[in-house]
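Peer 1: These protein sequence lines map, in sequence, to chains A and B. Quick note on my numbering: the first sequence kicks off at 695 and runs consecutively. Quick note on my numbering: the second sequence kicks off at 695 and runs consecutively.
Just to be clear, a hint being listed does not mean it is correct.
Pairs involving identical chains hold if they fit within one copy or between any two copies, as the list cannot separate such chains.
Claimed, not checked - The calculated lysine-lysine pairs, modelled on DSS-like cross-linking and capped at a C-alpha distance of 27 Å, are: (1) Lys767 x Lys711; (2) Lys820 x Lys767; (3) Lys796 x Lys771; (4) Lys820 x Lys796; (5) Lys796 x Lys741; (6) Lys771 x Lys820; (7) Lys820 x Lys711; (8) Lys796 x Lys711; (9) Lys711 x Lys741.
Calculated from the structure, these hints are not laboratory results. Quantities reported herein were computed from a predicted structural model and do not represent experimental measurements.
These are the residues of each chain, in order.
2 protein chains.
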Amino acid sequence: MLTRIDHIGIACFDLDKTVEFYRATYGFEVYHSEVNEEQGVREAMLKINDTSDGGASYLQLLEPTREDSAVGKWLAKNGEGVHHIAFGTADVDADAAGIREKGVRVLYEEPRIGSMGSRITFLHPKDCHGVLTELVTSAPVESPEH
Amino acid sequence: MLTRIDHIGIACFDLDKTVEFYRATYGFEVYHSEVNEEQGVREAMLKINDTSDGGASYLQLLEPTREDSAVGKWLAKNGEGVHHIAFGTADVDADAAGIREKGVRVLYEEPRIGSMGSRITFLHPKDCHGVLTELVTSAPVESPEH
Chain A
695 MLTRIDHIGI ACFDLDKTVE FYRATYGFEV YHSEVNEEQG VREAMLKIND
745 TSDGGASYLQ LLEPTREDSA VGKWLAKNGE GVHHIAFGTA DVDADAAGIR
795 EKGVRVLYEE PRIGSMGSRI TFLHPKDCHG VLTELVTSAP VESPEH
Chain B
695 MLTRIDHIGI ACFDLDKTVE FYRATYGFEV YHSEVNEEQG VREAMLKIND
745 TSDGGASYLQ LLEPTREDSA VGKWLAKNGE GVHHIAFGTA DVDADAAGIR
795 EKGVRVLYEE PRIGSMGSRI TFLHPKDCHG VLTELVTSAP VESPEH
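Chain A extracted, bound-state conformation:
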């Protein structure tokens, strides 16, 4: 079951400038940043609020690391803007399987690793009224005692 808006993915040409825009304009700070070579992106997660399912909602700012990545091609065609939206779930495998059975194309055979060790998959935007839609299960939070 999808229980939160996990993040809004925003494609940009220059991650550092875009991070600075969000900091200077709204006061949003970088919560986490990483490079995902498989996805071909440098990214920064800006945490906006916590959510009622125990998770949180973020902006995910994405700069392509190579022109032939999915985000690189999208940027070349569309320019900067909202690239995808993501819903959080406790069980991305079960939700992806259920959604596939309804005839919506799920882009990965098995979930892959996303931001902050999460497990993610994507739904085809043509099956989702034009919206590239991601499903996310966050990595387990390690107990501070262990």
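Given chain A's structure and the hints, the job is docking chain B onto it.
Peer 2: Below, chain B without anything else, positioned relative to chain A:
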């Protein structure tokens, strides 16, 4: 101060079909629907989660009521997809004034009425790295005793 992702605004050609897609695929239900003649839209709000600032996050599905509305023109150019994102604040007037002072174009001189009696304004997407950005202050919740 912006304290939550209030909603993601998604433009569609057929509101009823799009509402049905979100219900059948994810189980999201309509929380509220209305027609905003000033904005030229029929809309449905699907509540996804509550947020740590006492508000909530929604998907806002938007169908234009006339071709010359902002959403109608946007759909004709872009097709269905994410039209804007919205951040929630307790004081849209103060935030809009502060952001205007930073040189970002605020589209309305004074906030206007948005979904569910909220007060809203928009920031120019060219000043926001391609993202049409809305600021929202929810209508006060009336006490059930009065």
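Peer 1: Against the structure, test the hints numbered earlier, and report the numbers of the ones violated in rising order.
Peer 2: The structure breaks only hint 3.
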